[in-house]
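Protein chains in written order, with our numbering: chain S, 234 to 371; chain L, 234 to 371; chain E, 160 to 550; chain P, 160 to 550.
Rather than coming from a laboratory, the hints here were simulated on the basis of the structure.
The structure displayed is predicted, hence computed values, not measured ones.
Treat the hints with caution; some may be incorrect.
As the list claims (entries may be wrong) - Listed next, the stretches of chain P that the computed footprint assigns to chain L, with coverage defined by at least 3 CB atoms under 8 Å from CB atoms of chain L:
1. 205–212
2. 241–255
3. 453–463
4. 530–540
Beta carbons: idealized from backbone N, C-alpha and C, even for Gly.
Listed here are the chains, written in short residue letters.
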Amino acid sequence: MYSEKVMDHFTNPRNVGEIEDADGIGQVGNAKCGDIMKIYLKIENDIIVDIKFKTFGCGSAIASSSMATELIKGKTINEALKLTNKAVAEALDGLPPVKMHCSVLAEEAIKSALKDYSEKSGVIIEELKDFEPKEDHH
Amino acid sequence: MYSEKVMDHFTNPRNVGEIEDADGIGQVGNAKCGDIMKIYLKIENDIIVDIKFKTFGCGSAIASSSMATELIKGKTINEALKLTNKAVAEALDGLPPVKMHCSVLAEEAIKSALKDYSEKSGVIIEELKDFEPKEDHH
Amino acid sequence: MKDVYMDNAATTQVKKEVVESMIPYFTENYGNPSSIYKKGRNSKKALDESRDLVARTLGATSREIYFTSGGSESDNWAIKGVAFGNKDKGNHIITTKIEHHAVLHTCEYLERNGFNVTYLDVDKYGMINLDDLKNAINDNTILITIMYANNEVGTIQPIKEIGKIAKENNIYFHTDAVQVIGNIEIDVDELGVDLLSLSAHKFYGPKGIGALYIRKGVKLHPYIHGGAQERNRRAGTENVALIVGLAKALELAYEDLESHNKYLIRLRDRLINGIMDRISNVKLNGHIEKRLPGNVNISIEFIEGEALLLSLDMAGIAASSGSACTSGSLDPSHVLLAMGLPHEIAHGSLRLSLGDFNSEEEVDYVIENLTKIVQRLRDMSPLYENVKGDN
Amino acid sequence: MKDVYMDNAATTQVKKEVVESMIPYFTENYGNPSSIYKKGRNSKKALDESRDLVARTLGATSREIYFTSGGSESDNWAIKGVAFGNKDKGNHIITTKIEHHAVLHTCEYLERNGFNVTYLDVDKYGMINLDDLKNAINDNTILITIMYANNEVGTIQPIKEIGKIAKENNIYFHTDAVQVIGNIEIDVDELGVDLLSLSAHKFYGPKGIGALYIRKGVKLHPYIHGGAQERNRRAGTENVALIVGLAKALELAYEDLESHNKYLIRLRDRLINGIMDRISNVKLNGHIEKRLPGNVNISIEFIEGEALLLSLDMAGIAASSGSACTSGSLDPSHVLLAMGLPHEIAHGSLRLSLGDFNSEEEVDYVIENLTKIVQRLRDMSPLYENVKGDN
Ligand SMILES: Cc1ncc(COP(=O)(O)O)c(C=O)c1O
Ligand SMILES: Cc1ncc(COP(=O)(O)O)c(C=O)c1O
Chain S
234 MYSEKVMDHF
244 TNPRNVGEIE
254 DADGIGQVGN
264 AKCGDIMKIY
274 LKIENDIIVD
284 IKFKTFGCGS
294 AIASSSMATE
304 LIKGKTINEA
314 LKLTNKAVAE
324 ALDGLPPVKM
334 HCSVLAEEAI
344 KSALKDYSEK
354 SGVIIEELKD
364 FEPKEDHH
Chain L
234 MYSEKVMDHF
244 TNPRNVGEIE
254 DADGIGQVGN
264 AKCGDIMKIY
274 LKIENDIIVD
284 IKFKTFGCGS
294 AIASSSMATE
304 LIKGKTINEA
314 LKLTNKAVAE
324 ALDGLPPVKM
334 HCSVLAEEAI
344 KSALKDYSEK
354 SGVIIEELKD
364 FEPKEDHH
Chain E
160 MKDVYMDNAA
170 TTQVKKEVVE
180 SMIPYFTENY
190 GNPSSIYKKG
200 RNSKKALDES
210 RDLVARTLGA
220 TSREIYFTSG
230 GSESDNWAIK
240 GVAFGNKDKG
250 NHIITTKIEH
260 HAVLHTCEYL
270 ERNGFNVTYL
280 DVDKYGMINL
290 DDLKNAINDN
300 TILITIMYAN
310 NEVGTIQPIK
320 EIGKIAKENN
330 IYFHTDAVQV
340 IGNIEIDVDE
350 LGVDLLSLSA
360 HKFYGPKGIG
370 ALYIRKGVKL
380 HPYIHGGAQE
390 RNRRAGTENV
400 ALIVGLAKAL
410 ELAYEDLESH
420 NKYLIRLRDR
430 LINGIMDRIS
440 NVKLNGHIEK
450 RLPGNVNISI
460 EFIEGEALLL
470 SLDMAGIAAS
480 SGSACTSGSL
490 DPSHVLLAMG
500 LPHEIAHGSL
510 RLSLGDFNSE
520 EEVDYVIENL
530 TKIVQRLRDM
540 SPLYENVKGD
550 N
Chain P
160 MKDVYMDNAA
170 TTQVKKEVVE
180 SMIPYFTENY
190 GNPSSIYKKG
200 RNSKKALDES
210 RDLVARTLGA
220 TSREIYFTSG
230 GSESDNWAIK
240 GVAFGNKDKG
250 NHIITTKIEH
260 HAVLHTCEYL
270 ERNGFNVTYL
280 DVDKYGMINL
290 DDLKNAINDN
300 TILITIMYAN
310 NEVGTIQPIK
320 EIGKIAKENN
330 IYFHTDAVQV
340 IGNIEIDVDE
350 LGVDLLSLSA
360 HKFYGPKGIG
370 ALYIRKGVKL
380 HPYIHGGAQE
390 RNRRAGTENV
400 ALIVGLAKAL
410 ELAYEDLESH
420 NKYLIRLRDR
430 LINGIMDRIS
440 NVKLNGHIEK
450 RLPGNVNISI
460 EFIEGEALLL
470 SLDMAGIAAS
480 SGSACTSGSL
490 DPSHVLLAMG
500 LPHEIAHGSL
510 RLSLGDFNSE
520 EEVDYVIENL
530 TKIVQRLRDM
540 SPLYENVKGD
550 N
């Protein structure tokens with residue numbers, strides 16, 4: 234069902250946890266739908282120096298969170314904005330069709346966290362001006 | 234499916250054959266329906282001294298012919314007239330429901346032969362005055 | 160690695176004796192039961208004996224037992240067969256919200272084809288209310304179809320009382336007894352059921368073979384048209400080998416029903432108690448007493464079912480969940496929702512179903528591992544974090 | 160006693176390799192393919208591989224193969240599924256007078272439910288006429304269902320030409336290929352069929368398992384409602400073991416199709432010639448060339464089929480007949496009648512169907528014994544007596 238990469242990131246998820254004094258926090262999804270993703274960012278000079286996640290959800294939700302955090306850790310905000318759900322899924326060697334929404338969730342959780350950072354810090358992120366996570370109610 | 238008795242009378246049918254100068258011959262059934270029974274009688278002093286049959290038909294048709302001839306061989310005409318299809322079936326330890334018509338055929342073949350005898354010999358058999366085999370067309 | 164199979168409500172291992180009983184009907188006695196010659200008669204005999212055994216076990220006569228390809232076909236046949244066969248009498252059917260999909264989707268199909276269906280509610284234990292049933296009956300009601308015991312939460316319905324109500328109102332009563340056969344003594348007359356579905360793979364028989372009990376006189380359409388098999392009511396060359404296997408499995412199941420039940424209940428209670436003792440924020444779903452002997456269904460808050468199953472699988476434990484993700488759909492179990500569980504709790508449900516081949520040691524192994532896994536997943540869960548904060 | 164099985168068109172012995180391929184799916188790999196854990200995934204894998212193999216063999220894709228409980232279910236599903244699924248387009252179906260009952264009785268059922276059915280005639284060889292087919296098509300025609308080869312007389316229809324006509328007229332085309340699989344190379348695209356039924360027990364696989372090929376895009380209703388199995392189109396826990404057996408049997412059959420056919424044709428012709436040489440007033444039924452390799456169907460005048468079968472059985476020979484008495488009905492074979500045989504001749508028909516396990520020695524044994532049996536029964540027959548008189 235799942236690729237080895239998915240199973241690896243599910244079994245040994247990278248960057249699980251919280252950041253106490255996070256610069257941005259994003260949470261998407263809801264318990265009713267069976268998945269919630271919460272992302273914590275530490276940002277210094279436009280660079281994501283630390284990132285953590287907490288996820289309530291299925292195997293691919295956890296693996297997607299783990300992979301997404303890995304992909305943008307140490308990257309600039311601009312690079313992080315370019316992360317698509319497809320890139321997350323591909324990095325995991327694919328997800329079953331019914332699970333693609335998990336990778337969407339990961340993309341949106343990151344964008345939410347970045348938007349939160351933008352609002353808190355006053356750093357304007359043009360691309361997120363109208364951003365609203367879609368995966369809240371599916 | 235069939236009782237041992239049926240199989241025995243099918244495998245070793247009694248009284249198969251023809252009687253050259255028969256006193257009465259009866260034939261019932263038709264090839265279209267898959268069974269024809271022909272009975273030859275030799276009658277002396279009201280007694281069936283010989284009886285033979287020829288049958289085109291299934292296993293139970295052959296067994297019924299065989300058993301019926303056995304049951305009336307040596308009997309008086311009156312006794313022969315009392316032979317019912319049920320008696321034939323019972324003597325065979327039963328027939329499957331769909332095969333009961335074979336025993337009817339045997340009863341009627343005998344009656345036909347007796348009627349033929351009556352017509353040929355002038356001996357009146359009151360019971361057969363209006364007899365018509367039913368099993369001709371089923 | 161450990162190999163602990165605790166999904167016996169999904170399917171069971173075929174017993175050795177059952178496998179052995181089937182093999183000759185593949186290799187030697189392969190005749191078509193409709194054939195007149197010896198090989199055919201041998202098959203016919205095996206078929207007849209199997210049918211007799213099933214009939215005896217259910218308190219029915221042999222002419223009331225029809226073999227099918229499994230529980231789903233039996234359910235489809237019973238419901239559509241009665242519906243289409245009694246259209247002249249009415250077009251209303253009563254069932255419950257917690258039926259197996261083989262019943263629910265069949266009823267929905269009938270709704271699209273001119274029938275009305277009432278789906279009865281259940282209480283938080285998964286029990287229907289007999290007054291609801293009585294109130295649902297109207298002049299057009301031709302069929303009541305209510306499952307004997309639920310496959311997810313194990314709740315056992317008051318079948319005898321339902322049978323009485325059906326009879327009083329002159330309505331056919333079908334029960335899906337797929338989860339019950341091999342666990343409860345059954346007598347169709349005592350229960351007052353007119354049609355009953357069963358499936359061999361739930362009682363250590365093979366998959367793909369089942370039966371439908373049809374009370375003498377019940378009017379229903381055949382479902383598979385063709386040859387004269389099954390008294391002209393279910394066409395198709397009979398699956399002789401698997402029918403023999405079904406009968407053998409049934410025989411074995413009812414040979415020592417009591418010890419089977421005692422054993423399963425002991426394991427089940429040990430498992431429930433172990434989980435309750437070791438894991439917080441856990442809830443047992445289903446009825447406490449009116450429950451299948453092997454069924455454990457719990458909701459574990461703050462985590463999601465599929466993640467749980469994957470983790471258990473990695474520990475060599477086979478279990479199932481009522482969560483979205485296992486079935487490819489996004490909705491959690493319709494059964495748990497009907498019982499009033501909120502979506503988020505239903506997502507974290509786990510079914511461990513015990514069988515004859517499970518041991519006490521396995522139960523302890525599951526408790527041990529489940530405790531660790533739940534902790535690990537909760538540590539990852541943003542929902543649990545909030546709770547900890549609340550404390 | 161001798162044990163000569165020559166009723167391979169009725170059913171076949173399951174090959175040893177097939178039995179062996181199935182057993183692990185009863186004993187070890189008993190997981191439910193819908194389950195997420197390892198045992199479930201193992202079953203799913205076996206299912207996928209089996210489906211792939213069937214697809215490859217038919218020139219189809221895996222998503223076009225659906226497993227069923229046999230040929231009868233496949234036929235019922237294909238015909239009713241298309242009929243009910245395309246009611247909006249029309250209500251006319253075309254079939255032939257010589258279909259298997261699984262098709263005929265299904266069509267009759269549809270006639271009772273608002274559909275019109277044309278039953279095409281056949282010629283004395285059992286062949287349909289393509290012009291008849293073209294003439295039967297009207298604006299309401301939604302389905303053509305014509306069997307690939309007949310089970311009684313072995314006549315093979317011009318499927319490719321029928322497929323062309325169906326396509327030109329934009330009508331779905333189903334073929335019952337139950338007797339053909341394992342005997343003829345099949346490519347669904349080349350044939351232009353949209354739906355195709357097959358059944359494992361006709362090619363040395365187990366009874367009670369079959370498949371329906373459904374071309375991508377064909378609109379049809381599911382037949383068994385319930386779980387999400389078979390891509391939501393055929394519910395019920397999959398019969399994994401028997402599906403594996405079906406695939407194995409199919410693989411073996413197409414591995415050496417050519418030698419199988421050569422061998423059967425040699426035996427068949429020896430049998431036909433032997434009978435023709437030794438017994439008078441005998442007629443071969445069916446087409447001389449367009450005929451299944453293992454099929455011998457002869458009419459033997461002046462005797463009745465069941466008596467013949469019983470006698471053959473006593474000599475250890477398993478065969479079948481198109482006569483009344485074997486089926487419990489009083490009508491002789493509808494196939495032979497449709498081919499214009501008079502009732503009395505149809506009653507005396509005999510089908511000997513050869514298979515891989517038959518030998519030349521067995522063929523000679525049958526010729527020998529049949530000759531004696533026919534003589535014995537004719538000596539008892541009042542019809543034969545007349546003939547002798549005529550000479
Ligand atoms: C209650 C219930 N009904 C019906 C079925 C369907 O049975 P089968 O899978 O044999 O078609 C099942 C199991 O799958 C079941 O648990
Ligand atoms: C041509 C044909 N179609 C359909 C069937 C029905 O197949 P099954 O017996 O597997 O249901 C058979 C054989 O019985 C057959 O020969």
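Q. Which hints from the list above does the structure break, by number from lowest to highest?
A. 1, 2
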